[in-house]
Structures are given as structure tokens and as C-alpha cells.
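Asks: Required output: the full structure, derived from the provided sequences and hints.
2 protein chains.
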Amino acid sequence: MGARRQITGFSNPTVKFLRSLREKKHRKASGRFLAEGLRLLTDARESGHLPEVLVMAEGRDPHPLLAALEADVLAAGGEVIETSDEILGKITGKDNPQAVAGAFAEFDTSLGSIEHGSAKIWLVAQALRDPGNLGTMLRTGDAVGAGGLILIDDCADPFSVEAVRASMGAVFTQRIAQARWEEFLPWLRSGAGQLVAASLREAVDYRTAPYAAPCFLMVGNESRGLPEAYELACDLRVTMPMKGRADSLNAAVAGAVLAYEALAHLGD
Amino acid sequence: MGARRQITGFSNPTVKFLRSLREKKHRKASGRFLAEGLRLLTDARESGHLPEVLVMAEGRDPHPLLAALEADVLAAGGEVIETSDEILGKITGKDNPQAVAGAFAEFDTSLGSIEHGSAKIWLVAQALRDPGNLGTMLRTGDAVGAGGLILIDDCADPFSVEAVRASMGAVFTQRIAQARWEEFLPWLRSGAGQLVAASLREAVDYRTAPYAAPCFLMVGNESRGLPEAYELACDLRVTMPMKGRADSLNAAVAGAVLAYEALAHLGD
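Order-wise, the sequence lines are chains A and B. Note that our numbering numbers the first sequence so that position 183 is 183, with each residue one more than the last. Take any residue in the second sequence, note its place counting from 1, add 268, and you have its number in our numbering.
Please note: incorrect hints may appear among the correct ones.
Below, computed lysine-lysine pairings styled on DSS-like, alpha-carbon distance capped at 30 Å [said to hold, decoys possible]:
1. Lys94/A with Lys293/B
2. Lys16/A with Lys362/B
3. Lys284/B with Lys94/A
4. Lys293/B with Lys243/A
5. Lys94/A with Lys16/A
6. Lys358/B with Lys293/B
7. Lys24/A with Lys94/A
8. Lys94/A with Lys388/B
9. Lys16/A with Lys28/A
10. Lys16/A with Lys90/A
11. Lys94/A with Lys296/B
12. Lys90/A with Lys358/B
13. Lys25/A with Lys94/A
14. Lys358/B with Lys25/A
15. Lys25/A with Lys362/B
16. Lys358/B with Lys24/A
17. Lys16/A with Lys120/A
18. Lys388/B with Lys293/B
19. Lys28/A with Lys90/A
20. Lys24/A with Lys90/A
21. Lys120/A with Lys511/B
22. Lys362/B with Lys94/A
23. Lys358/B with Lys284/B
24. Lys292/B with Lys90/A
25. Lys358/B with Lys94/A
26. Lys284/B with Lys296/B
27. Lys296/B with Lys358/B
28. Lys292/B with Lys362/B
29. Lys24/A with Lys362/B
30. Lys284/B with Lys388/B
31. Lys90/A with Lys293/B
32. Lys28/A with Lys362/B
33. Lys362/B with Lys90/A
34. Lys362/B with Lys284/B
Calculated Cβ distances over 10 Å to all of chain B for the following chain A residues [what the hints assert, rightly or not]:
35. Glu52
36. Gly169
37. Ala179
38. Ala213
39. Arg224
By construction, these hints were calculated from the structure, which means they are not laboratory data. Glycine included, every Cβ here is placed at the ideal spot set by N, Cα and C.
Replies: Below, the structure written as C-alpha cells:
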């Protein structure tokens, strides 16, 4: 059985630890990350992920899902902490914090954790810098039934508070892998998989392209797009109409339009 | 001819005025907004919008597009200001500011500025709260050749620095209108137009739906979606597959998937 206690001081070491998880270096050092809100924590629980530390506001309204969460965390040997709204706000960095937050162990993000054929669609992002875009891609992946999101080269941290928030819980349901391009390409070629790039170069119309499962849909960095060498290594380059002045879409939007198109071709 | 001068002090009234445009109340009071970056300002210029005040960093690299912008601003009677990187950073709120920023007059955002049939696709957002989502929808609108974005009820400010930035210049090329639902619906019905909602209720598959131009594609608030009454007032409710745990997409993503689908049906 886990422990249950009340914390009233800002300088409490657990409070300091939880707050520190807003910074990447502390997440990396501890291998822990923060998620907030009853809905997100319930999604996590129903996907088999329980927080090691659960923090709740003292004045919160009772809720059966919160009670279930609390019981499961204690049964799993975790810690349940009650504290003030103020301290919870300090932890999550929000003025109006959700009534509950949790610290989770980070998952295995090696390519080895992914089986090529276990899903028809995979999303791949290269040097994606915006945590909101990253979380949005996880959310889209969940919606199209993708297996997960593979992050190539230097991307935003998928376990940042912003990415977790934007994922709307999909951080717990989608597989996440992180790799350099030099590791990713041999890994991909070691199994089945069509690598598809959203591209402006000599490319096929995205509506009529011959998508094939398992299909790895890759988008590039927000300002630079994909390096040419990466595009050339793809099995398929597809392009979306650009009718206006701009020559590109938001990266998460491009990934989503492509993912929904691939879903329509590859079916259920 | 406009004026040209150098500013070295943080307390200069023009610097204070430009900084104040990061806040909505000051934008409303002055009817001005801020855009930054040579690319954005060049998009603006090529779309017929010149800043009334152009601010440039002293140590910037010379650039023909910047020289052209400067000449046009002066010719139009505007003001060109040279200042330090530090002051430019204060104005734009960024540590590494772009080398140039400008203050523009806000546009007419009344429904009267929009002609129903002047484009095949229009995007409509209801109570959209996130300025990044709003800017992303403008950018998507530009990409699909939409006429513009109609903002219903209390949305984020399309002239906020974040929305302008996320629009990647589309704030200058897309029409923007702001209206309450009670004004919007009679306006819409006063001309041609099919109102389409992204919906979870009894709805048609978004791939096979009978889109008709001019097509007004509406998405709802990030957490609550569209009010039921608004959906029921639509000519068409369409739904996208949701294969995972979540029951919705990011609002800007939903708008984009729908917009690209409508574009494929309505053609060029």
C-alpha cells in the first residue's frame, strides 16, 4: 500500500520535485513527467498508466473517477498528496490549476519498443520544435488509429507539460520513439514500411498517391521543412494543394491532412 | 513623405506605444496591431498593407526587400525608426527579436466586408480561444484558397502577436470578420452559402458529404465544441473518423482536414 499525506509548505521537497518537472533537465534526470487534470489522468489510468505521485487540491469536489484513481495509486504503492490550490498552481504553473496532477515515469522511447506492422499508420516528425505541435500530432495519431509518433533528430520534449496538455491524453495511448535519422532509416528498412514525406519537390498529389500499410507519414521542421536527403530517402513524396501566397502548412496540420487521407485509403 | 529617426531610449513614447500593442485593450483603443519579421512584412506589403510605423534594428544586415519596404513606408507617409536590438526585443517581447517589426492599422472586420460568393470556401470558428489555433486557421485558409475566416462569438483576437505570428502572413491575405451568432446567421442566409459543421452528432461521413460552394466550414470551441443549436442550424453536419480514445481533434486540425476535403470536392 502507498502513502497518503498532506503538504502545506511551498518548500516541501516533494513540492519542489514536482515543480522541477516543468524543466526538461529535471525530467531527464529523474525520468519523471507531469500530467494534470482528472480527464487526462483518467485516460492514463484506463491506458494502464498510474502516477507514482498523485497531488490533489484540498477543496476539490468529490468525483468517483478521482476516488478510483486515488485507490489505484495507493494500491500500486504510490503516494497521494493533498495540498492547497496555491501550491498546486505553483506545481503546474497555472493560475487556475486543475484540481489534480500526477508525476509519471517516462516510457521507453527507443525504436525497439515499436513493431512496424502493429499499426497501419505511423506519424514521423523531424526536428519538430513546438511542443504544442508535438502534442497535437499525438492527438491526431490517436484519432486516426496510428500506432504512434516517431521523433527524428532534435524535437521538442514529448513529456513537457505543454506537449502532454496538447496531446489531450494521447501521450498515454500512442507509442513514442525518439531517434536520430541515422538510426531511424536502418531500423525502418529492417522491416515492412512505406516512408512518405509531405513535400514541395517533384511529388505525387496526396489524394491519389499509392499509400501502403504500414505507412510512415513524415513531416519536417516548422521553418525549414525536411532536409532534401531525407525526402529523397522516402518511398513516396506527396504534395497538398497550396492555393495562396504561403508555400507550407503548419506542421501538425500537414501531418493531420495527410494522416486522414492515408486512413481513407488504408481503411480499417 | 514620411519621417525617419533613431530612438535610443526605452521610455520613448513611440517605443511605449509599440510595446503596448501586445495587449488587446491597447490594440482596441488605438486600432493598431503589431507584426514582426521581414517575411511577414513583405507578405503584407505585397498584399497591399504597409505599416504606419516600421521599426528596424540598427545592426541588421542590408536586404533588398527591407530597402523596398522602407521606401514604400516613407513614400506612403509612414514613420521609419531605427533602434537597438534590445529595444526591438522589448517591443516584440522576444529575446531574439526579428530585425524588423511594424505597426499596422486594423482592418474592417464587419460581416459587411465579405461577399458570400467571392470564394468557394470560408472558414468559420466559434468561440475559438487559442490565438495559435486562430492564426493556424488563417494559414490553412490561405492554403486552400478560402476567402477568409469568420469569428463567431468570443474568440481570441486575430490581431494578437501570437495569432499574427501563427498565421504566417495570412492575416494580411485572408478576410477576417467578427460577429455574434445572432448577426452571423441572418447575414449568411441573406445570400448563397452552405453552412457545414464538424460534428459528433447524427452526421454524414466527411468524405462523401455533398459540399456545395460557397461552403462555410464551421468548427467550435476547443473544449466545448459547437453549441447544439448552432449545429442544428447548419445545412450539413459532417463527421471524421475517430479511431482512438479521444472524441475530438484539435480545432485547427479539424478545420484543416475539413477544408482540404471540401477543396477536393469543390475543385479550383
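Asks: Does each hint fit the structure? Answer for all of them.
Replies: For each hint, the structure was consulted:
1. Restraint check: the Cα-Cα separation between Lys94/A and Lys293/B comes to about 23 Å, which is no more than 30 Å; the hinted pair holds.
2. Distance check on the hinted pair: Lys16/A and Lys362/B sit about 28 Å apart at the alpha-carbon level, within 30 Å; holds.
3. With a C-alpha separation of about 28 Å, the suggested pair Lys284/B and Lys94/A falls inside the 30 Å cut-off, and the hint holds.
4. Pair hint Lys293/B plus Lys243/A does not hold up; C-alpha atoms about 34 Å apart against a cutoff of 30 Å.
5. Annotation: proposed proximity of Lys94/A to Lys16/A holds, straight-line Cα distance about 16 Å (limit 30 Å).
6. Proximity of Lys358/B to Lys293/B is assessed by CA-CA distance (about 18 Å); at most 30 Å being required, the pair is judged to hold.
7. Restraint check: the Cα-Cα separation between Lys24/A and Lys94/A comes to about 18 Å, which is no more than 30 Å; the hinted pair holds.
8. Using a Cα cut-off of 30 Å, the hinted pair Lys94/A and Lys388/B is violated, with the two alpha carbons roughly 42 Å apart.
9. At most 30 Å may separate the alpha-carbon atoms for a hinted pair to count; Lys16/A and Lys28/A meet this at roughly 16 Å.
10. Of the pairs offered as hints, the one joining Lys16/A and Lys90/A holds, with about 9 Å between alpha carbons and a cut-off of 30 Å not exceeded.
11. Simply put, Lys94/A and Lys296/B have alpha-carbon atoms about 27 Å apart, close enough for the 30 Å limit, and the pair holds.
12. With a CA separation close to 27 Å, the supplied pair Lys90/A and Lys358/B stays within the 30 Å bound.
13. For the given pair, Lys25/A sits about 20 Å from Lys94/A by alpha-carbon distance, which is consistent with the 30 Å threshold.
14. For the hint pairing Lys358/B with Lys25/A, the CA-to-CA distance comes to about 28 Å; that is within 30 Å, so the pair holds.
15. Pair hint Lys25/A plus Lys362/B holds up; C-alpha atoms about 23 Å apart against a cutoff of 30 Å.
16. Annotation: proposed proximity of Lys358/B to Lys24/A holds, straight-line Cα distance about 26 Å (limit 30 Å).
17. At most 30 Å may separate the alpha-carbon atoms for a hinted pair to count; Lys16/A and Lys120/A exceed this at roughly 42 Å.
18. In summary, the hint linking Lys388/B to Lys293/B is not supported, as the alpha carbons are separated by about 34 Å, beyond the 30 Å threshold.
19. Between Lys28/A and Lys90/A the CA atoms are separated by roughly 20 Å; this keeps the pair inside 30 Å, and the hint holds.
20. Restraint check for Lys24/A and Lys90/A: the C-alpha separation of about 17 Å stays at or below 30 Å, so the hint holds.
21. In summary, the hint linking Lys120/A to Lys511/B is supported, as the alpha carbons are separated by about 12 Å, within the 30 Å threshold.
22. This hinted pair checks out: Lys362/B and Lys94/A have alpha carbons roughly 21 Å apart, not beyond 30 Å.
23. A distance of roughly 9 Å separates the Cα atoms of Lys358/B and Lys284/B; the hinted pair therefore holds under the 30 Å criterion.
24. For the given pair, Lys292/B sits about 26 Å from Lys90/A by alpha-carbon distance, which is consistent with the 30 Å threshold.
25. Under the criterion of a C-alpha separation no larger than 30 Å, the hint pairing Lys358/B with Lys94/A is consistent with the structure, at around 24 Å.
26. With a C-alpha separation of about 16 Å, the suggested pair Lys284/B and Lys296/B falls inside the 30 Å cut-off, and the hint holds.
27. With a CA separation close to 20 Å, the supplied pair Lys296/B and Lys358/B stays within the 30 Å bound.
28. A hinted pair counts as satisfied when its Cα atoms are at most 30 Å apart, and Lys292/B with Lys362/B qualifies at roughly 18 Å.
29. The straight-line distance between the Cα atoms of Lys24/A and Lys362/B is roughly 21 Å, inside the 30 Å bound, and the hint therefore holds.
30. With a C-alpha separation of about 42 Å, the suggested pair Lys284/B and Lys388/B falls outside the 30 Å cut-off, and the hint is violated.
31. Only pairs whose Cα atoms come within 30 Å are accepted, and Lys90/A paired with Lys293/B is accepted, the gap being roughly 28 Å.
32. Between Lys28/A and Lys362/B the CA atoms are separated by roughly 27 Å; this keeps the pair inside 30 Å, and the hint holds.
33. Straight-line distance between C-alpha atoms of Lys362/B and Lys90/A comes to about 24 Å, which keeps the hinted pair within the 30 Å bound.
34. With a CA separation close to 16 Å, the supplied pair Lys362/B and Lys284/B stays within the 30 Å bound.
35. The claim that Glu52/A is not at the interface with chain B holds, since no C-beta of that chain comes within 10 Å of its own (minimum 22 Å).
36. Residue placement check: Gly169/A does not keep its beta carbon more than 10 Å from all beta carbons of chain B (closest about 7 Å).
37. Every CB of chain B is more than 10 Å from the CB of Ala179/A (nearest about 23 Å), matching its label as outside the interface.
38. No Cβ of chain B approaches the Cβ of Ala213/A within 10 Å, the least distance being about 14 Å, so the stated non-interface status holds.
39. Under the 10 Å C-beta cut-off, the non-interface status given to Arg224/A relative to chain B holds; the minimum distance is some 13 Å.
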